[in-house]
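Protein chains in written order, with the numbering used here: chain A, 511 to 1244; chain B, 13 to 92; chain C, 13 to 92; chain D, 7 to 239.
In short, the hints are calculated from the structure, not lab data.
Fair warning: there could be bad hints in the mix.
Think about it this way: if two alpha-carbon atoms lie no more than 35 Å apart in a straight line, the pair counts; the simulated DSBU-like pairs of lysine-lysine are [claimed, not checked]:
| # | chain 1 | residue 1 | chain 2 | residue 2 |
| --- | --- | --- | --- | --- |
| 1 | A | LYS1068 | D | LYS28 |
| 2 | A | LYS792 | A | LYS527 |
| 3 | A | LYS833 | B | LYS38 |
| 4 | B | LYS52 | C | LYS38 |
| 5 | B | LYS52 | D | LYS116 |
| 6 | D | LYS8 | B | LYS38 |
| 7 | B | LYS65 | D | LYS116 |
| 8 | D | LYS116 | C | LYS38 |
| 9 | C | LYS31 | C | LYS76 |
| 10 | B | LYS76 | C | LYS63 |
| 11 | B | LYS38 | D | LYS116 |
| 12 | C | LYS76 | A | LYS843 |
One side of the interface only, derived from the structure: several residues of chain D facing chain B at Cβ under 8 Å [to be verified]:
| # | residue |
| --- | --- |
| 13 | TYR60 |
| 14 | GLY61 |
| 15 | TYR63 |
| 16 | LEU64 |
| 17 | ARG72 |
| 18 | VAL180 |
The beta-carbon is built from N, C-alpha and C at its ideal position, and this holds for glycine as well.
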Amino acid sequence: MNQPQITPELVASHGLKPDEYQRILELIGRVPSFTELGIFSAMWNEHCSYKSSRLHLRGLPTKAPWVIQGPGENAGVIDIGDGQAVVFKMESHNHPSYIEPYQGATTGVGGILRDVFTMGARPIACLNALSFGAPEHPKTRHLVSGVVAGVGGYGNSFGVPTVGGQVRFHTRYDGNILVNAMAVGLADTDKIFYAAASGVNMPIVYLGSKTGRDGIHGASMASAEFDDDSAEKRPTVQVGDPFAEKLLLEACLEIMEADCVIAIQDMGAAGLTCSAVEMGAKGDLGVDLNLDAVPTRETGMSAYEMMLSESQERMLMVLKPEKEKEAEAIFRKWGLDFAVVGYTTPSKRFVVKHGGDVMADLPIKELGDEAPLYDRPHVETPLLPVIQAREVKPPIGIVAALEKLIATPELCSRRWVWEQYDHVILGNTVQRPGGDAAVVRVQDGPKGLALTVDVTPRYCEADPYQGGMQAVAEAWRNITAVGGRPLAITDNLNFGNPERPEIMGQFVGCLKGIAEACRTLDFPVVSGNVSLYNETNGRGILPTPSIGGVGLLDDFTKSATLAFKAEGEAIILIGETQGWLGQSVYLRDICGREEGAPPPVDLAAEKRNGDVVRGMIRAGTATAAHDISDGGLLIALTEMAMAGGIGALVLAAPESIVPHAYWFGEDQARYIVTVPADQAGLVLAKMKGAGVPCARIGTTGGDDIAVVGETPVSVESLKTGFENWLPAYMGGKA
Amino acid sequence: MKARVTVTLKSGILDPQGKAIEGALKSLGVDGVASVRQGKVFDIEISGSDKAKTEAALKDAADKLLANTVIENYAIEING
Amino acid sequence: MKARVTVTLKSGILDPQGKAIEGALKSLGVDGVASVRQGKVFDIEISGSDKAKTEAALKDAADKLLANTVIENYAIEING
Amino acid sequence: MKSAVLVFPGINRERDMARALKLASGQEAAMVWHAETALPDGTDLVVVPGGFSYGDYLRCGAIAARAPIMDAVRAFAAKGGLVLGVCNGFQILCESGLLPGVLMRNAQLKFICRDVHIRVERSDTAFTRGYNAGQIIRVPVAHGEGNYEADEETLKRLEGEGRVLYRYCSADGVVDEHSNINGAAQSIAGIVSERGNVLGMMPHPENHVEDIMGCTDGRGLFAGLVAHLERAA
Ligand SMILES: Nc1ncnc2c1ncn2[C@@H]1O[C@H](COP(=O)(O)OP(=O)(O)O)[C@@H](O)[C@H]1O
Ligand SMILES: [Mg+2]
Chain A
511 MNQPQITPEL VASHGLKPDE YQRILELIGR VPSFTELGIF SAMWNEHCSY
561 KSSRLHLRGL PTKAPWVIQG PGENAGVIDI GDGQAVVFKM ESHNHPSYIE
611 PYQGATTGVG GILRDVFTMG ARPIACLNAL SFGAPEHPKT RHLVSGVVAG
661 VGGYGNSFGV PTVGGQVRFH TRYDGNILVN AMAVGLADTD KIFYAAASGV
711 NMPIVYLGSK TGRDGIHGAS MASAEFDDDS AEKRPTVQVG DPFAEKLLLE
761 ACLEIMEADC VIAIQDMGAA GLTCSAVEMG AKGDLGVDLN LDAVPTRETG
811 MSAYEMMLSE SQERMLMVLK PEKEKEAEAI FRKWGLDFAV VGYTTPSKRF
861 VVKHGGDVMA DLPIKELGDE APLYDRPHVE TPLLPVIQAR EVKPPIGIVA
911 ALEKLIATPE LCSRRWVWEQ YDHVILGNTV QRPGGDAAVV RVQDGPKGLA
961 LTVDVTPRYC EADPYQGGMQ AVAEAWRNIT AVGGRPLAIT DNLNFGNPER
1011 PEIMGQFVGC LKGIAEACRT LDFPVVSGNV SLYNETNGRG ILPTPSIGGV
1061 GLLDDFTKSA TLAFKAEGEA IILIGETQGW LGQSVYLRDI CGREEGAPPP
1111 VDLAAEKRNG DVVRGMIRAG TATAAHDISD GGLLIALTEM AMAGGIGALV
1161 LAAPESIVPH AYWFGEDQAR YIVTVPADQA GLVLAKMKGA GVPCARIGTT
1211 GGDDIAVVGE TPVSVESLKT GFENWLPAYM GGKA
Chain B
13 MKARVTVTLK SGILDPQGKA IEGALKSLGV DGVASVRQGK VFDIEISGSD
63 KAKTEAALKD AADKLLANTV IENYAIEING
Chain C
13 MKARVTVTLK SGILDPQGKA IEGALKSLGV DGVASVRQGK VFDIEISGSD
63 KAKTEAALKD AADKLLANTV IENYAIEING
Chain D
7 MKSAVLVFPG INRERDMARA LKLASGQEAA MVWHAETALP DGTDLVVVPG
57 GFSYGDYLRC GAIAARAPIM DAVRAFAAKG GLVLGVCNGF QILCESGLLP
107 GVLMRNAQLK FICRDVHIRV ERSDTAFTRG YNAGQIIRVP VAHGEGNYEA
157 DEETLKRLEG EGRVLYRYCS ADGVVDEHSN INGAAQSIAG IVSERGNVLG
207 MMPHPENHVE DIMGCTDGRG LFAGLVAHLE RAA
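Here chain A stands alone, though its shape is the one from the complex:
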């Protein structure tokens, strides 16, 4: 086979900078072969090597007594007692989804599911965080419909409920949408599987679908900025096959159960290269691959192509030699390919043979360990002035603002999206999408998991440190609001071009905030993913560190939902309200100003207030609970009313706060709960005694949201606006 000459242009087209190439030359003492260049480009790109982010990720707290496995494996693992573990991770598929929304989204979901079941866990839930461009952008509708169909298409067919997520629209995502998918699985603590190979001369087995020319250079694409020619990168899109993945899941769990597996690694980004190198390097072993044995779907594939293919639904395993036949029989039963493609060796070299030739012979540890590591220059984001509520002129009245806000792209119902996801399959979804966190029963109970994804990018942009803290705090709060005890998070850090110091400054700032919040809230990071270069023609996305949170309920029947349950119950506001309008939805969507410092996060208050709310839910005192976030108090109250089909009579804003700031300010660490009226006095007294700011602000009942001194507005009509925007928009009518 003719191998191209290694030229500076070829090196550059592999995304390797001249100094990085120099490093390769020094490392191996010769010019790399074409296949070797491909291997280096796959291992050393941003996506696999984390070269811009690694340094800063080290600052994240990753430990707690309940953490079994933190970052560094396919997914994080936490202990939930009774010998059970929860395995979870979130991952992005941003660039592919922009190019081919349906397939990009499906392969994103497929990839994260594989990460979870590779570790021996049966997936029990999926979540997704989606960021799209402005609704008016000509591509947005097409992208929304393709991505949502793709997320659903894969999860529905695979057979896992998609129970939660986020959807946002903002012009800064016009050319770079974000598709972050999270998967959660359940395993036995004594049956977790890892990637590290062990033992010399062990067979390395290839399992799953055949290899084609899919997505060659996909990982490099995920690390490159878009420009107007990116249409040319199109042929690299991969096609997902959820049916094959479902078979792969059942086959993998079956051979794990049969105790055949020493090590297992899915083939994700940079396929065979990444997975084989990781297995060897983690186990301190070399790997000899024989590409002639790799099942291929196309003829004439070169070593280079096989090493870089990103065909989906494939796995690599090291099997116990005595169990090879048994494992093979299981795979054949499920109709999947099975081939011994190599062996572990004592040499610590990564050797790739094809057609009798050695196509690559590289030091295996150095491929990962010696990957470039950058401390990229970063500048801190300048702080913005605090907006004084009194200086914000309300352009319209409170009720008019409520009616308008509830039907905005930011705050309207996401039903159109989640109704395309099967969220009830497996029969364990106790709280469906639409609440603060989904609640999924663990097997037959009584335990339940509270699951959520959250981040507020406009806060992160205005103040990365506060925004980073807020994202974690809100995930924590969402879990708390359903009665869960927050245990750990996965993060998906989506940013622009790290070679720009302002962007790197956002990254560093957000990460500091995330770390601080995780530490204080005892909410460690156990897995995550970084997606950089989300930038088109020099304009970056809003910094978007999606936080996926997992919490535990000892008894899922003791969880709360946000819906008002009965008439005549006391409505209690917990947490302090100053009326913070900076970066609020009100300021942006009613006053047309995207300005000011975002609401500050007080982690001590978060903890104190949240612990009280959780206690009330467990004790059964709180009949409904909801945290206050985007849009503020009146929006949260309306959401509770719409969910329950019951109105509310609420007191006017206190004298000390201007009304629009009171109703729509986005102060943090706040919740609304309802309690039976006769218990309100006692509950308030107890909270005040514990130093928790709280007040009774009204009573449930009637058909309207009736604020004293304002015209009542019917819950039904608010709901119509709330439910209509997205379907109307997608139908071309908004």
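Following the hints, put chains B, C and D with the ligands in place on chain A, whose structure we already have.
Quick look at chains B, C and D with the ligands alone, frame taken from chain A:
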């Protein structure tokens, strides 16, 4: 006029459907099937009598909607 | 040998996808589209060199699996 | 009640179904692999569960309908044995000729997962004994291709012979275009075979059998089957 637009997957693009059908045909004992790839046809009735114009309109339709040219090819046939 | 089996909906059977595409083409401003019906093609590679035998095998495949003859028709083309 | 739940590659609601059967009957269902050629001895009820058998590639249920186990199911049904197909199971039963008609793509061309109301058209069958005629129950649907279609004559026969057992309706029982979730002919959600022993339905009663799901309207179907078999025994 009646026209048919046939949309097929580009070679090299994975065809999960074709793969599953191939397997099913083999297990049903249909002889000699080596590979199956699935595509779509659109039978379109379109007004006008100018063949060139119709062809242009159909090409437009295929590019804009009927085919995803990232992964698919298409062919247009006009039958008077 | 290479063959193509084309499966189309019988006339009279409702075709929601075709209808939706028809609507979409109209709203995209593709001129003159009066109706669209969607069908499937299967491009099959099949071993053997006897055309009659191959045709029989393909007919078998279509009857047994590729078409639901309650609602669909099929046509077979063999391209040597 | 001894039930056999068929498992085809790509089926994914078999666990939900087995759980519901166990709750209703107290007995574990047998899980029967598609490549088998016989049903377990003494099977009272065969269930074809939901999912995406063979990825639902080609047509929903088409490939599964031709699996080896289906010959045994046809023979079982021919002898009057009870067969229940839900969602993908309904599609498989139609493709296998055990029920007439086909399930086409939802009229809105989108997958749809939500609770719907269905009206129980009669209560004197094995599959509806647990309900009253005219009763309205709430159960989830989760499908992309549940739009039931058949030719005019078949529809006439189905209606004439009282073989439409479940129909999409509003919360207060109105059958109209608005409550017809997927565009099905005559709002059909479930039909039985001529002999009344094979039921196919799109909604998932098995997902509404426990309090935790906020509704237990699906129980009646399973409880009715248990009662029917006990009476027959
Ligand atoms: N932002 C992050 N925070 C914590 N851990 C991270 C983060 N990003 C990546 N990791 C961890 O680094 C490891 C490599 O990540 P990745 O390359 O995305 O995994 P995979 O190879 O499964 O795609 C994983 O264990 C992941 O959990
Ligand atoms: Mg992985």
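Taking the hints in turn, this is what the structure says about them:
Distance check on the hinted pair: LYS1068(A) and LYS28(D) sit about 25 Å apart at the alpha-carbon level, within 35 Å; holds. Annotation: proposed proximity of LYS792(A) to LYS527(A) holds, straight-line Cα distance about 27 Å (limit 35 Å). Of the pairs offered as hints, the one joining LYS833(A) and LYS38(B) holds, with about 29 Å between alpha carbons and a cut-off of 35 Å not exceeded. For a cut-off of 35 Å, the pair hint linking LYS52(B) to LYS38(C) stands: about 20 Å separates their Cα positions.
Between LYS52(B) and LYS116(D), the direct Cα distance comes to roughly 19 Å. Compliance with the 35 Å bound is thereby established for this hinted pair. Restraint check for LYS8(D) and LYS38(B): satisfied, since their Cα atoms lie roughly 34 Å apart, inside the 35 Å limit. For the hint pairing LYS65(B) with LYS116(D), the CA-to-CA distance comes to about 33 Å; that is within 35 Å, so the pair holds. Proposed proximity of LYS116(D) and LYS38(C) is supported: the alpha carbons are some 20 Å apart, at most 35 Å.
Between LYS31(C) and LYS76(C) the CA atoms are separated by roughly 28 Å; this keeps the pair inside 35 Å, and the hint holds. Distance check on the hinted pair: LYS76(B) and LYS63(C) sit about 38 Å apart at the alpha-carbon level, beyond 35 Å; violated. Note on LYS38(B) and LYS116(D): the hinted pairing holds, with a Cα-Cα distance of about 32 Å set against a maximum of 35 Å. Pair hint LYS76(C) plus LYS843(A) holds up; C-alpha atoms about 24 Å apart against a cutoff of 35 Å.
At a threshold of 8 Å, the smallest CB-CB gap from TYR60(D) to chain B is about 5 Å, leaving the interface hint in force. Hint status for GLY61(D) relative to chain B: holds, with the closest Cβ pair at about 6 Å, below 8 Å. Using the Cβ-Cβ criterion of 8 Å, the hint placing TYR63(D) at the interface with chain B is satisfied: the shortest such distance is roughly 4 Å. The beta carbon of LEU64(D) is positioned within 8 Å of a beta carbon in chain B (closest approach about 5 Å), and the interface hint is therefore held.
With its C-beta approaching chain B no nearer than about 6 Å, ARG72(D) sits inside the 8 Å limit, and its interface hint holds. At a threshold of 8 Å, the smallest CB-CB gap from VAL180(D) to chain B is about 36 Å, leaving the interface hint violated.
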